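Enquirer: One-letter residues, chain by chain:
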Amino acid sequence: MKDHATLAEEFIKDDARTNWHDETLWFVRQKRDKAAHGLPEWEQLREWASQIKNHTLSNMESYLEEFEKNALDNGVKVHWAADATEHNQIIHDIIKSKGITRIVKSKSMLTEECHLNHYLEEQGVEVVDTDLGERIVQFRHEPPSHIVLPAIHLKKQDVSDTFHEHLHTEKGNNDPTYLTRAARVHLREKFIASQLAITGVNFAIAETGGVVVCTNEGNADMGTHAADVHIACMGFEKLIPKASHLSVFLRLLARSATGQPITTYSSHFHKPRAGQEMHIVIVDNGRSDILGKADFRNALKCIRCAACFNTCPVYRRSGGFSYHTAVAGPIGSILNPNFDPKKYADLPFASSLCGSCSNVCPVKIDIHDQLWKWRQELSKGGHLPLSKKIMMKGMAFVLGRPALYRFGGASARWVLRHMPFLVKFKVNPWYKQREMPEAPKQSFRDWYIQNKKK
Amino acid sequence: MSSRDKIFTAIRKNKPESVPYTEPDLSLVINYPDLMSQFSTVLTAIGGSCKEVASATEAKQFIDSIDKGAFVIDTTGVYPSDLTHLSPASLAAVDTAIIRGGVAVAENGSIWVTEENMVNRLLPFIAQQLILVIHEKDLVSTMHQAYERISVNETGFGVFIAGPSKTADIEQSLVIGAHGPCGMMAVVIRN
Numbered sequence: 005m006k007d008h009a010t011l012a013e014e015f016i017k018d019d020a021r022t023n024w025h026d027e028t029l030w031f032v033r034q035k036r037d038k039a040a041h042g043l044p045e046w047e048q049l050r051e052w053a054s055q056i057k058n059h060t061l062s063n064m065e066s067y068l069e070e071f072e073k074n075a076l077d078n079g080v081k082v083h084w085a086a087d088a089t090e091h092n093q094i095i096h097d098i099i100k101s102k103g104i105t106r107i108v109k110s111k112s113m114l115t116e117e118c119h120l121n122h123y124l125e126e127q128g129v130e131v132v133d134t135d136l137g138e139r140i141v142q143f144r145h146e147p148p149s150h151i152v153l154p155a156i157h158l159k160k161q162d163v164s165d166t167f168h169e170h171l172h173t174e175k176g177n178n179d180p181t182y183l184t185r186a187a188r189v190h191l192r193e194k195f196i197a198s199q200l201a202i203t204g205v206n207f208a209i210a211e212t213g214g215v216v217v218c219t220n221e222g223n224a225d226m227g228t229h230a231a232d233v234h235i236a237c238m239g240f241e242k243l244i245p246k247a248s249h250l251s252v253f254l255r256l257l258a259r260s261a262t263g264q265p266i267t268t269y270s271s272h273f274h275k276p277r278a279g280q281e282m283h284i285v286i287v288d289n290g291r292s293d294i295l296g297k298a299d300f301r302n303a304l305k306c307i308r309c310a311a312c313f314n315t316c317p318v319y320r321r322s323g324g325f326s327y328h329t330a331v332a333g334p335i336g337s338i339l340n341p342n343f344d345p346k347k348y349a350d351l352p353f354a355s356s357l358c359g360s361c362s363n364v365c366p367v368k369i370d371i372h373d374q375l376w377k378w379r380q381e382l383s384k385g386g387h388l389p390l391s392k393k394i395m396m397k398g399m400a401f402v403l404g405r406p407a408l409y410r411f412g413g414a415s416a417r418w419v420l421r422h423m424p425f426l427v428k429f430k431v432n433p434w435y436k437q438r439e440m441p442e443a444p445k446q447s448f449r450d451w452y453i454q455n456k457k458k
Numbered sequence: 005m006s007s008r009d010k011i012f013t014a015i016r017k018n019k020p021e022s023v024p025y026t027e028p029d030l031s032l033v034i035n036y037p038d039l040m041s042q043f044s045t046v047l048t049a050i051g052g053s054c055k056e057v058a059s060a061t062e063a064k065q066f067i068d069s070i071d072k073g074a075f076v077i078d079t080t081g082v083y084p085s086d087l088t089h090l091s092p093a094s095l096a097a098v099d100t101a102i103i104r105g106g107v108a109v110a111e112n113g114s115i116w117v118t119e120e121n122m123v124n125r126l127l128p129f130i131a132q133q134l135i136l137v138i139h140e141k142d143l144v145s146t147m148h149q150a151y152e153r154i155s156v157n158e159t160g161f162g163v164f165i166a167g168p169s170k171t172a173d174i175e176q177s178l179v180i181g182a183h184g185p186c187g188m189m190a191v192v193i194r195n
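Chains as they are written, first to last, in our numbering: chain A, 5 to 458; chain B, 5 to 195.
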């Protein structure tokens, strides 16, 4: 199992591509800023959203009961899954009972978390991901590298090659419009032929028992309205108390995600259409445990906008795959250790703790505080690699001995000045992709002592 | 114990003490002095288009005058009686769908469309071009006022539509017309 640093090293081998990835995501972050600054009440909106989510989490069972009752009254079948396996089985049972072999699915990070595609394919069901980015990575047998922009790690020539292989598009034609049109023709055929559509859920409304799904492409709607069966999958934290609260969240979601004022489609599903069946699968899969952790529970407020990905200096320069999980980025780094602290012990360290993630989060999750708390938690639990433990112990030893610390600083400055080859060589991990600093003439301490009397 | 019981037991045990929240205060929310121009500007910026007309008659004349292709379904006027049951394959051939919209939102160019308006849920998504006919009096500043005006569960399905279907999944290049309409126009009747 490779850790974040090792996987990131593979990603940054290609300088030009790393820079493109970095700049492209920063551009999305800037679009977010422009959209946010266009609303004088932006900070107020974040506060409302945060409060509504905190309130919902603290009254989760009553809102879940209310939601279930209203959904049942709407003629929707409600299922409960304690974990990923049960979620996958419930869905497969529905598919099997209808004798269906081909289904379409719009974007759902929950189904990625549960590895639904893999499970269904093993049972002989053909799953077609219909979000363009997800279809591209599905053709390539890759997971999405970003929760909103699944194929952001790819360049258009990669997509062109993939489509040439699977959709027989013209070789070397990298025009995004041409490639998108080819996918349009291909996926419209799949929509028309599909008997069952799976979607995720952006928001579930307790007072009406309905679910809201947001897309720009319209793929969730094409799938569900064409198929005879619609299955919507949600973690229980998607709940909000009232329909009027959607105003707060829909105003924040797309602006935070891509800088759009709203997604093209914000679809409100309440009842199956005449002759159609609608199912909602409500999943726990570790969420109720997170709810019990005072330091970490507010990560459950997340609305999956990915603003924290786009702003993160580490994500932008290490790519989604370096996080080896369905939900990458800063939010993934605080969610995943809950599920498996050993497997994801590296993720809270994939951060500079700059705090930018917390600043852009539309629901005010204290992401960088949680990253810092996870480091301590993982250290206490004995999940740190030996190298990190030795380094920490060494640091503690030096920092606890001022004379030794001063000697160390002076030595390092001397070495940088007189024997730079000792640090500027390839095996030194601090020298990779970095310029070593010019050594200052004196330490801050010396400067301070010299200047404080002036 | 069923999974439902297991989940509820765990939630009951683990949830924090109840915290209150404040309902959004609309006096703190942006108000656009000219709703029509704000709506039209935003809708155009997100790839749609906007046509203002003086009356329902003028709306009809305008829509009659534009090129809509051969297969048009107009749910604001006369439409096939079996529209609800038309198969996805036959709907895929629709060139233009004309549908009545409800409340329209100036801050983001979106229009609320209910199942009753669209008759067939697939129609506004599968048509090559979409025309939504709305009234100027249904324009509001933000989503807050929009949700005050609608009941989300008035029909089994409702959607806010803002512009044509689009994607930027290939190297962040914006392409209009992902799976759904390649063009979307709002016809706004002034009275």
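A few of these clues could be false.
Among chain A residues calculated to face chain B with C-beta under 7 Å, some are [what the hints assert, rightly or not]:
#	residue
1	HIS41
2	GLU45
3	TRP52
4	ILE94
5	GLY214
6	GLY263
7	ILE266
8	SER271
The list that follows gives simulated cross-link-like pairs (lysine-lysine, BS3-like), each with its CA atoms no further than 27 Å apart [to be verified]:
#	chain 1	residue 1	chain 2	residue 2
9	B	LYS10	A	LYS347
10	B	LYS64	A	LYS73
11	B	LYS10	A	LYS100
Don't read these hints as lab results, they were simulated from the structure. Every value quoted in this text rests on a predicted model; they were computed, and no experiment measured them. Beta carbons: idealized from backbone N, C-alpha and C, even for Gly.
Enquirer: A separate judgement is required for each hint: does it hold in the structure or not?
Expert: We went through each hint and held it up to the structure:
1. About 12 Å separates the beta-carbon of HIS41 of chain A from the nearest beta-carbon of chain B, more than 7 Å, and the hint is not met.
2. The closest approach between the C-beta of GLU45 of chain A and any C-beta of chain B is roughly 5 Å, which is under the 7 Å cut-off, so the hint is satisfied.
3. Checking TRP52 of chain A against chain B: minimum C-beta separation of about 5 Å stays under 7 Å; hint holds.
4. Residue-level restraint check for ILE94 of chain A is violated (minimum Cβ-Cβ distance to chain B is 9 Å; threshold 7 Å).
5. At about 6 Å, the closest approach between the beta carbon of GLY214 of chain A and any beta carbon in chain B falls short of 7 Å, and the interface hint on this residue holds.
6. Checking GLY263 of chain A against chain B by beta carbon gives a least distance of about 11 Å; that is not within 7 Å, so the hint is violated.
7. For ILE266 of chain A, the suggested interface contact is upheld, since its CB lies about 4 Å from the closest CB of chain B, less than 7 Å.
8. Interface restraint check: SER271 of chain A against chain B, minimum CB-CB distance 4 Å, threshold 7 Å, status holds.
9. Proposed proximity of LYS10 of chain B and LYS347 of chain A is supported: the alpha carbons are some 26 Å apart, at most 27 Å.
10. Proposed proximity of LYS64 of chain B and LYS73 of chain A is contradicted: the alpha carbons are some 44 Å apart, above 27 Å.
11. Distance check on the hinted pair: LYS10 of chain B and LYS100 of chain A sit about 26 Å apart at the alpha-carbon level, within 27 Å; holds.
Hints 1, 4, 6 and 10 from the earlier list are contradicted by this structure; the remaining hints agree with it.
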